[in-house]
Amino acid sequence: MTDVYAVSAAPHIKQRISVPSVMWQVVLALTPALLASIYFFGTKSLWLTLYGIIAAVITEAVIQKIRKIPITVTDGSAIVTGLLVAFNINVSAPWWIPVVGSVFAIAIGKQIFGGLGFNIFNPALLARAFLVASWPTIMTSGWTSTRLGSISGLHSGIIPSTAIKAQNLITSATPLNVAQQLRDKVFTSGFADNLAESQAIANTIFDKLADFGTIQNLFWGNVGGVIGEVSAAALLIGAAFLAYRHIIEWRIPISYIGTVFVLTYIFGGINGLFSASILLPVFHVFAGGLILGAFFMATDMVTSPVTKKGRIYFGIGCGILTVVIRMVGGYPEGVSYSILLMNIAVPLIDKYTVPKPFGEVKKIAHG
Amino acid sequence: MGFKTFPGGIHPHDFKEFSKDMPIENLPFSKKVVIPVSQHIGAPSKPIVKKGDEVLTGQKIAEPGGFVSIPMHASICGKITKIARFPHPTGAMVMGIEITGNGEDKWVELIDDEKYLDLPVEEMKSRISEAGICGMGGAGFPTHVKISPPKDKPIDTIILNGVECEPYLTADYRIMMEQPDDILAGLKILLKIVNAEKGIIGIEANKPEAIKKMKALVKNEPNIKVISLKLKYPQGAEKQLIYAATKRKVPNKGGLPMAVKVIVQNVGTAIAIYEAVRFKKPLIDRVITVSGKIVNKPKNIKARIGTLFTDLLDFCEGTKEEIGKIISGGPLMGFAISTLETPLTKGSSGLILLNKKDAQIDEESTCLRCGRCVDICPLNLVPSLIANSVRYDDWDAAEKYGVMDCMKCGSCAYVCPSHIKLIQWIDIGKIKVDEKNRK
Ligand code: SF4
Ligand code: SF4
Numbered sequence: 002m003t004d005v006y007a008v009s010a011a012p013h014i015k016q017r018i019s020v021p022s023v024m025w026q027v028v029l030a031l032t033p034a035l036l037a038s039i040y041f042f043g044t045k046s047l048w049l050t051l052y053g054i055i056a057a058v059i060t061e062a063v064i065q066k067i068r069k070i071p072i073t074v075t076d077g078s079a080i081v082t083g084l085l086v087a088f089n090i091n092v093s094a095p096w097w098i099p100v101v102g103s104v105f106a107i108a109i110g111k112q113i114f115g116g117l118g119f120n121i122f123n124p125a126l127l128a129r130a131f132l133v134a135s136w137p138t139i140m141t142s143g144w145t146s147t148r149l150g151s152i153s154g155l156h157s158g159i160i161p162s163t164a165i166k167a168q169n170l171i172t173s174a175t176p177l178n179v180a181q182q183l184r185d186k187v188f189t190s191g192f193a194d195n196l197a198e199s200q201a202i203a204n205t206i207f208d209k210l211a212d213f214g215t216i217q218n219l220f221w222g223n224v225g226g227v228i229g230e231v232s233a234a235a236l237l238i239g240a241a242f243l244a245y246r247h248i249i250e251w252r253i254p255i256s257y258i259g260t261v262f263v264l265t266y267i268f269g270g271i272n273g274l275f276s277a278s279i280l281l282p283v284f285h286v287f288a289g290g291l292i293l294g295a296f297f298m299a300t301d302m303v304t305s306p307v308t309k310k311g312r313i314y315f316g317i318g319c320g321i322l323t324v325v326i327r328m329v330g331g332y333p334e335g336v337s338y339s340i341l342l343m344n345i346a347v348p349l350i351d352k353y354t355v356p357k358p359f360g361e362v363k364k365i366a367h368g
Numbered sequence: 271m272g273f274k275t276f277p278g279g280i281h282p283h284d285f286k287e288f289s290k291d292m293p294i295e296n297l298p299f300s301k302k303v304v305i306p307v308s309q310h311i312g313a314p315s316k317p318i319v320k321k322g323d324e325v326l327t328g329q330k331i332a333e334p335g336g337f338v339s340i341p342m343h344a345s346i347c348g349k350i351t352k353i354a355r356f357p358h359p360t361g362a363m364v365m366g367i368e369i370t371g372n373g374e375d376k377w378v379e380l381i382d383d384e385k386y387l388d389l390p391v392e393e394m395k396s397r398i399s400e401a402g403i404c405g406m407g408g409a410g411f412p413t414h415v416k417i418s419p420p421k422d423k424p425i426d427t428i429i430l431n432g433v434e435c436e437p438y439l440t441a442d443y444r445i446m447m448e449q450p451d452d453i454l455a456g457l458k459i460l461l462k463i464v465n466a467e468k469g470i471i472g473i474e475a476n477k478p479e480a481i482k483k484m485k486a487l488v489k490n491e492p493n494i495k496v497i498s499l500k501l502k503y504p505q506g507a508e509k510q511l512i513y514a515a516t517k518r519k520v521p522n523k524g525g526l527p528m529a530v531k532v533i534v535q536n537v538g539t540a541i542a543i544y545e546a547v548r549f550k551k552p553l554i555d556r557v558i559t560v561s562g563k564i565v566n567k568p569k570n571i572k573a574r575i576g577t578l579f580t581d582l583l584d585f586c587e588g589t590k591e592e593i594g595k596i597i598s599g600g601p602l603m604g605f606a607i608s609t610l611e612t613p614l615t616k617g618s619s620g621l622i623l624l625n626k627k628d629a630q631i632d633e634e635s636t637c638l639r640c641g642r643c644v645d646i647c648p649l650n651l652v653p654s655l656i657a658n659s660v661r662y663d664d665w666d667a668a669e670k671y672g673v674m675d676c677m678k679c680g681s682c683a684y685v686c687p688s689h690i691k692l693i694q695w696i697d698i699g700k701i702k703v704d705e706k707n708r709k
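Chains as they are written, first to last, in my numbering: chain A, 2 to 368; chain B, 271 to 709.
Since the hints were made in silico from the structure, they are not lab data.
Ideal placement from N, C-alpha and C gives every residue a C-beta, glycine not left out.
Among the hints, a few may not be true.
[Stated by the list, open to error] Ranges between beta-carbon positions, derived for each pair:
no.	chain 1	residue 1	chain 2	residue 2	range
1	A	I72	B	H283	32 to 38 Å
2	B	Q694	A	V74	25 to 31 Å
3	B	K352	A	V74	53 to 59 Å
4	B	V338	A	F119	43 to 49 Å
5	A	I70	B	K590	38 to 44 Å
6	A	G115	B	V338	45 to 51 Å
[Unchecked claim] If you want the footprint, here are the derived chain A segments under chain B, 3+ residues with CB under 8 Å:
no.	region
7	9-17
8	307-320
[To be verified] Here are some, though not all, of the chain A residues that point toward chain B, as calculated from beta-carbon distances under 7 Å:
no.	residue
9	V5
10	M302
11	V303
12	P348
13	V355
Here chain A stands alone, though its shape is the one from the complex:
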């Protein structure tokens, strides 16, 4: 008689969006940062990144094969993980570092929990923590200078060339490293013949960190560090693209960066509360991995809160921890550990930030 047609639940139209499209857009958004890294550090950045990506993809495929579940490497999520693992690696590292990192990220960081969507920690950051613990020298020293000749972002002419120790510091350490050493007064007393002069040199260096010239170096990428964090500008281009495509949302990055900004303004100086110039928080925002972390790691969908309020608490939490680690902890940088620590809190945050449904307010406004 008449044809019978397939039925299904509403809705019958759908936005054209899928997990692969989300992931590939993230890859695209990270490309400017990779290009910047290749420009500043040379093609080794590219190779290390490719090793990381290939290792991640192969590991995912092999594990899924062993677990006898559908192989989903084409969804792009393993590529994003591999990319981010490599982005956290020093460009002077040997080839096997990104490989080991990516294998760890996929196997331990992701598949052990059940695969995409079930992992608690950001896989790339977990891998970084593992690498730092296992090969600390490779991961946290031996920084390469950029093609424009800077590691710390500081110009060596700012202090007398006779202050050897101080010169060594600013030509071999990353900006946050410099800040930490000055704060901890590790060599400060040895910068010159007497303490007063040493202190003066230390103050000069510290002031120059929060100088417009230094910040420009950090912003464009004339600064040493891991592959992905070199150019804040390139990262921001990618972040703007993702925000425009509604793939990342403003709450986490803004609350994270805002918290770091405020706290470093208050506590960042080396001469007591509020002793820092207003450019010091700007320095803290662009130095190290904050831009990369806030826009691309803390916003990892799987490991951040789903509720809107939760995302703000999460960002603030990351910000507080980052500043605590940078200011008091034993490490110069705290972005990755802060995010990992906050990852643990996500289920709890989600639980306590379930929004009030529309109309829950018992008081009804009239007129």
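Assemble chain B with the ligands onto chain A, guided by the hints.
Using the frame of chain A, we list chain B with the ligands on its own:
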């Protein structure tokens, strides 16, 4: 710009271009109609005719089955040929009365009460309830019940819903373009019945001509205004419309608009109300949009209730491609139905046809926890957590996350990159939580 709106929501392509400029056409007389006894929310109506009876157009053929129920009327003149279960636009099989026409269109007697606005309120109400009117925007709540709020619940505002936010649908738009006076007349009757001081007609910003037309019409009506609402789905959902128009929030957990002194009626319903009060005309026809990329001549058709969808599609000269899915209503909240032998009911606003490709259903992958669904839920629920709770049979959690508040607007499923069947999970959750609470 200063368009009024609500928080959350989505922006699907509206596909209204297919039919928005097609004037309403009358469907030539159908030979056969099927009148389901359930076209509304509430008790099914009870047939008062039997097989073989001759009926006139407009003659009552079923009595209301209770207070929250409506009567049904013959929509053509002819003979009752069957009383049995027929396909229904909700996808179910529902008892219906089949009438085979005799080629004439002889009506029961109508009147013309030019002074209809001076009628006593009780008389107006009884004419509305006799006419078998229910909400024509989709939900189908009996109108005479909606306009009889308890004495302690005064109403100060009537909102007419001309939003029509579902993609493809243009029936309400055409009504506003072609019968604006009747809409206004219906609104005035409603204002009189509930003694409300303010009337608001809400129209979405993508219908500037309708806005202009209605605005011109109410120029000299100080208590009635037309508001232009931001183009966003689900702008026409009752709570969202009330919020946009009055900034009042209807309480959740089953709260009704009257809790904030408001009654909302669809613009089509307003016309039915006007025709019932002035002419005593029962609700036996309505305007429906037949559309879709594959429909040869998308149209807005005025057809008798009970007309089979297949006749409507024939009137649009069929489809260019093989049909993949038939949707009764809009594509976001409508029902997929299995056969075109389904009758038009009082709440059918659209018949949308999709081709095979557009009908494809994406496979569900795991939830990315991306929060997109959370960001857009107009009721501020957490759809992903609801779905997850249902998946793991945790009914308490599902309830806590608001499964019962969900209006099934479909926005969450629309934006989900993992193609999670959120509405299906929510449907299951609603049933299970309801069962749990009955125990
Ligand atoms: S949870 Fe319900 S109300 Fe919220 S977007 Fe989904 S269907 Fe709409
Ligand atoms: S939109 Fe889909 S994938 Fe994203 S949180 Fe909601 S249910 Fe999960």
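Quick rundown of the hints versus the structure:
1. For the pair A:I72 and B:H283, the beta carbons lie near 34 Å from each other, so the given range of 32 to 38 Å is met.
2. Distance hint check: the CB atoms of B:Q694 and A:V74 are about 28 Å apart, consistent with the given range 25 to 31 Å.
3. A hinted range of 53 to 59 Å for the beta carbons of B:K352 and A:V74 is consistent with their spacing of about 58 Å.
4. Evaluation of the 43 to 49 Å hint for B:V338 and A:F119 yields a pass: the beta carbon distance comes to about 46 Å.
5. Between A:I70 and B:K590 the beta carbons are some 41 Å apart, a value that agrees with the proposed interval 38 to 44 Å.
6. Hint check: A:G115 to B:V338, Cβ distance near 48 Å, so the stated range 45 to 51 Å holds.
7. Beta-carbon proximity to chain B at under 8 Å applies to 8 residues in the region 9-17 of chain A; the threshold of 3 is reached and the given coverage holds.
8. Counting residues of the region 307-320 of chain A whose C-beta sits closer than 8 Å to any C-beta of chain B gives 4, which meets the bar of three, so the coverage hint holds.
9. Taking 7 Å as the C-beta cut-off, the interface hint given for A:V5 holds, the closest approach to chain B being about 5 Å.
10. Look at A:M302: its Cβ gets to within about 4 Å of chain B, closer than 7 Å, so that hint holds up.
11. For A:V303, the suggested interface contact is upheld, since its CB lies about 5 Å from the closest CB of chain B, less than 7 Å.
12. Violation of the interface hint for A:P348 is found here, the shortest Cβ-Cβ separation to chain B being roughly 11 Å, above the 7 Å cut-off.
13. The interface hint given for A:V355 holds, since its Cβ lies 6 Å from the closest Cβ of chain B, which is under the 7 Å cut-off.
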